[in-house]
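> The listed protein sequences derive, respectively, from chains A and B.
For the first sequence, the working numbering assigns the number 1 to the initial residue and increments by one for each residue that follows.
For the second sequence, the working numbering assigns the number 1001 to the initial residue and increments by one for each residue that follows.
FYI, nobody ran anything at the bench for these hints, they're computed from the structure.
Quick reminder that beta carbons are idealized off the backbone N, C-alpha and C, glycines included.
A few of these clues could be false.
Computed footprint of chain A on chain B, listed as stretches where at least three residues anywhere in the stretch have a Cβ under 8 Å from a Cβ of chain A [claimed, not checked]:
# : region
1 : 1115-1123
2 : 1161-1170
3 : 1194-1202
4 : 1260-1270
Straight-line Cα separation of at most 20 Å, PhoX-like style, residue types lysine-lysine; simulated pairs [unchecked claim]:
#  : chain 1 : residue 1 : chain 2 : residue 2
5  : B       : Lys1413   : B       : Lys1402
6  : A       : Lys376    : B       : Lys1034
7  : A       : Lys401    : B       : Lys1198
8  : A       : Lys153    : A       : Lys124
9  : B       : Lys1034   : A       : Lys401
10 : A       : Lys401    : B       : Lys1188
11 : A       : Lys376    : B       : Lys1036
12 : A       : Lys376    : B       : Lys1025
13 : A       : Lys349    : B       : Lys1188
14 : A       : Lys386    : A       : Lys376
15 : B       : Lys1338   : B       : Lys1348
16 : B       : Lys1098   : B       : Lys1130
17 : A       : Lys496    : B       : Lys1389
18 : B       : Lys1326   : B       : Lys1338
19 : B       : Lys1036   : B       : Lys1025
20 : A       : Lys296    : A       : Lys114
21 : B       : Lys1389   : A       : Lys497
22 : A       : Lys496    : B       : Lys1377
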Amino acid sequence: MVPKESNPSRKRSSPGGYSESPCKAPSPGKWRSPRRCNGNRDEVRSVGENGNLSNGDLIGSPKSPRKELFRNSNQQLKWNPRGKLLNCHPAQMQTVKHALHVATPPAIVVCREKEQKNILEFCKSCFQQSKAGSLYVCGCPGTGKTLSIGKVKEYFLGWSKEVGVPSPDVLTINCTSLTSTSEIFSQMLVKFELSKGKATNTSPLQHLQDIFSQKKHQSGRMLLMIADEMDYLITRDHAVLHDLFMLTTLPFSRFILIGIANAIDLADRFLQKLEALNCKPVVITFRAYSKDQILKILQQRIMVVLPQIYIIYAICITPYACIVHTSLISVALGYDVFQPAALEYCARKVAATSGDIRKALDICRCAIEVLEAELKGSVTNKETEKVSFHHIETAISRSFKSPVVDIIQSLPQHQQVILCSFVRLSQHCKKNATTLAEAIILIIVYVCDQLNRSYSEICKSTQIRPVGMMDFASLCTALNDQGLLEIAQSRGDKSKKIKLKVDSSDITFALKVHICCLSTSCYIAASLAHDTSIGTGHTFFPELLGKGRPKTRGSSINSQFHLALK
Amino acid sequence: MDTEKALALLRSRLYDPNYVHATFKSSEESNYCKLKFLIMNSISDSCNNSILLLGPRGSGKVAVVDLVLEDLKTQHPDSISVIRLNGLLHSDDNFALKEIARQLCLDHQLLFSKMASSDDNAGFMIDMLKECGLSHKSIIFVLDEFDLFAQGKQRLLYSLLDAMQTVSSQAVVIGVSCRLDADQLLEKRVRSRFSHRKLLFVPPSREDVRRLLEHILYLPKDIGLLSKYVAEFNSKIQYNLQDILNDKKFQEILDSILFIDGAINNLVQFLFRAVSSMSLESGLLSLENFKGSHLCYQRQPKTQILEGVSILELYILVCMNRLECKEQNSYNFNSVMKEYKAIHEAYKTSDNYRDSVCLRAFEHLLERELIGFVDNKGRNLSIEIQPVKLLISPHELYLGLKSRSSCPAILQKLFDHESFR
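Next up, chain A with everything else stripped away, as it sits in the complex (with noise of 0.2 Å):
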């Protein structure tokens, strides 16, 4: 089960790590040799390794090489989407969609430094006393966590080998990943190197108390644990999260813990007993991301792709021309890509529903697809085309719009009878209650044979022709296939019971609004309508009320129908 050993020859420069450097092109004359922005971007990555969080003047800064190449020349790089692919380098769009990839790491974590300044206060500080922690990070999802914490963590390390004392041992395990709950603690013994002297029954859990509580057998280092996604660890009896939690409280222990989360409350929840101890976990919480962290956050990673733009026009351009393009590209190139209005609108979108900044990076990207996929059609040459506000509209639309609407308007027509003959039954309900309390409280669960009955009825109404009870039973299972009915196990035929999972007023929205060539349709809309605006009086189709003899049909129909839908 080895997998054989390839060669992991990349084809193409890594855009993601900065780790290599993908120019090794001589410098010819006046310009500025790309390894100075090489450089400049050592420069960048030291700034966060030394522990210094602040967001820094990355591109901007007076001693930046690339300052000194902004004076020199006049033209600015235009953002070309249409640029084709360059011998061996992607084009501009690709560069860009996969620096707005969720998989890419930006260089530095924005909008997160206090945060890691306190993680990593409190491990220096537990680091320095030799004492243990414990400390639980808590957040909603694709707020940074993980992300942060790496960083801390590399921080952390930098940081001790500066200081000179021994490195600690880290282990980073995804509790997912863990078959058994319990399994935890024996990949603990692993990592740690503990598992030395232990006795062969007792438990991995019972080894590292022992180990924990005898100042023999310490080996001086400090032990730093990242637990992440940690509900995994709740069992029924709480043992698992519990145990782990006070190991950091025996009297020798040197272990940091830090655990990951989403639930505010777990630390109180499960761990009850550590606060009569005192030793309840410090608790971080990441709060979901406002709307100007999100436009921060985006607007740095576009800006972070320019070096690499910078740097791949730079090689493969003879250097006569690079004079000429080896321009700059404008620090505004971030908004060249995107009109700041539609990157607003998209953070404030995301902020506004749940903060969660994978969501922004994907409503992005799916923009940029959009535009390519206009251009791609298109026929004009227009050489700066931006993403405007009216893609990222159609990527919000595409990620937060419930298909609901559009799959209840395609269904066949038998089934949007059902559907209908359900709204009406509830309605018949809600206008049968005799007070409002009843009506919400009205569970809306319906007999198969009641549902029948009321389906006859709209057909013999619109005049379409019912299908039989096996065929009924056929459509009513097809609905539940596709989630938009819930039917209920039950051994009779006609007595199952049905319960709708889609909202009522969906279903009149969507056949309201659907208008087909086919008439019944319009009076299945018609008839809905009708129901609903019985309240206000309004008598579109008196016969169905039995009162008046029928209209006749054709374009009193219609027009009745557009009537209903004003």
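Add chain B to chain A, keeping to what the hints say.
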């Protein structure tokens, strides 16, 4: 000879989902193009992606995925590795990991060990993802019945999607489901990692159905048949098919099929029946073929049972129907007998039988499940007292009565009397 070849060709076309769904390959807005665009982008950009395909059963989701993957395999033979999982078989995480490992080993010619634990399998999968990422090979995971993977703790989904959050792996996850709210079933962690791309498979519109019919039913010129025959077939079809397709009756038939289930699968089955009944002498399709196929769809088994039922039993059924119409909620054999006697007094028919004979007829109906007991509680009571109910709808009864030539007119009259259509 030729007609048989033509028939064989048409039948093989209908049962090849690739051929059927290739109708929509050329249109820009089709799901095929969108899916292909997405996967090609992921491969050329070497990035990770995930997408969900939603639509009712039989609308061709897996067929489109197969088409796209086949095309990509011919274009980029070495850059794709496909892993298929099904929610019905592999919803348990251990089985799923084992299956992934087995398929990966198969693809890359490695030896698969059945004894490997699920930890090993998981580690293997992550290692393979890294390896393939380094050598620019994309792994495409096709998860069929995606909503079944979303039960329980969703560990498999989480580990797959988490592995895709690193830049070192290159994978595309395609989820196929018929539940529209499949992404609402995901846990919030998993949903955050899943990109919200969705492709909806809606039933085809009228123009699309027309295109599909023409695509399937026209014979190509170069299949080795006599060109005269092909020309005749096609021209007749050109007229014929256009005639047929434009015929109002055909439209009605098509509508009644599509109104129940608009999925392409359903339409293909209808066409298959019609094509199979194509007459071999004339070698051409006619409207009768389609009508015959439609009748098969409209089969009402209970109405067919009614053809074998005796007259007395019919009387009993009609009496029960009348009782139901009179809003009597529960009735039993005795009340049915009362009704039966009342009818005979009113109409003076000749079919008056004794109670014991009627009871025999009643038991026959019970055996055939045309009527049934309301509940199973009254096992100890005798048959005459237990409440019963009808198991066929009035419409089916009406059709059954109409189709019986030997049905006494009185029954029809009794039926027509109620304002039922």
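> Now tell me, hint by hint, if it's right for this structure.
Against the structure, the hints come out as follows:
Here the region 1115-1123 of chain B counts 6 residues with a CB under 8 Å from a CB of chain A, which clears the bar of 3, and the coverage holds. For the region 1161-1170 of chain B, the stated coverage by chain A holds: 6 residues have a C-beta nearer than 8 Å to a C-beta of that chain, and at least 3 were required. With 6 residues having a Cβ less than 8 Å from any Cβ of chain A, the region 1194-1202 of chain B passes the three-residue criterion, so the hint holds. Three residues within the 8 Å Cβ limit are the bar, and the region 1260-1270 of chain B against chain A gives 3, so the coverage statement holds.
Among the hinted pairs, Lys1413 of chain B with Lys1402 of chain B is consistent with the structure: their alpha-carbon atoms are about 11 Å apart, no more than 20 Å. Pair hint Lys376 of chain A plus Lys1034 of chain B holds up; C-alpha atoms about 13 Å apart against a cutoff of 20 Å. The hinted pair formed by Lys401 of chain A and Lys1198 of chain B meets the criterion: a straight-line CA distance of about 10 Å does not exceed 20 Å. Of the supplied pair hints, the one linking Lys153 of chain A and Lys124 of chain A holds, its CA atoms being roughly 11 Å apart against a limit of 20 Å.
At roughly 18 Å between alpha-carbon atoms, Lys1034 of chain B and Lys401 of chain A fall within 20 Å of each other, so this suggested pair holds. For the proposed pair Lys401 of chain A and Lys1188 of chain B, the alpha carbon gap of about 17 Å is at most 20 Å, so the pair holds. With a C-alpha separation of about 15 Å, the suggested pair Lys376 of chain A and Lys1036 of chain B falls inside the 20 Å cut-off, and the hint holds. Pair hint Lys376 of chain A plus Lys1025 of chain B holds up; C-alpha atoms about 17 Å apart against a cutoff of 20 Å.
A C-alpha spacing of about 18 Å is found between Lys349 of chain A and Lys1188 of chain B, which places the hinted pair at or below 20 Å, so the restraint holds. Proposed proximity of Lys386 of chain A and Lys376 of chain A is supported: the alpha carbons are some 14 Å apart, at most 20 Å. Taken as a hint, the Lys1338 of chain B and Lys1348 of chain B pair is honoured in the structure, with Cα atoms around 15 Å apart against an allowance of 20 Å. Our distance criterion of 20 Å between C-alpha atoms is met by Lys1098 of chain B and Lys1130 of chain B, whose separation comes to about 18 Å.
Proximity of Lys496 of chain A to Lys1389 of chain B is assessed by CA-CA distance (about 16 Å); at most 20 Å being required, the pair is judged to hold. Straight-line distance between C-alpha atoms of Lys1326 of chain B and Lys1338 of chain B comes to about 14 Å, which keeps the hinted pair within the 20 Å bound. Straight-line distance between C-alpha atoms of Lys1036 of chain B and Lys1025 of chain B comes to about 10 Å, which keeps the hinted pair within the 20 Å bound. For the hint linking Lys296 of chain A to Lys114 of chain A, the alpha-carbon distance of about 16 Å falls within 20 Å, and the restraint holds.
A distance of roughly 19 Å separates the Cα atoms of Lys1389 of chain B and Lys497 of chain A; the hinted pair therefore holds under the 20 Å criterion. Pair hint Lys496 of chain A plus Lys1377 of chain B holds up; C-alpha atoms about 18 Å apart against a cutoff of 20 Å.
Consistency with the previously given hints is maintained throughout, with no hint failing.
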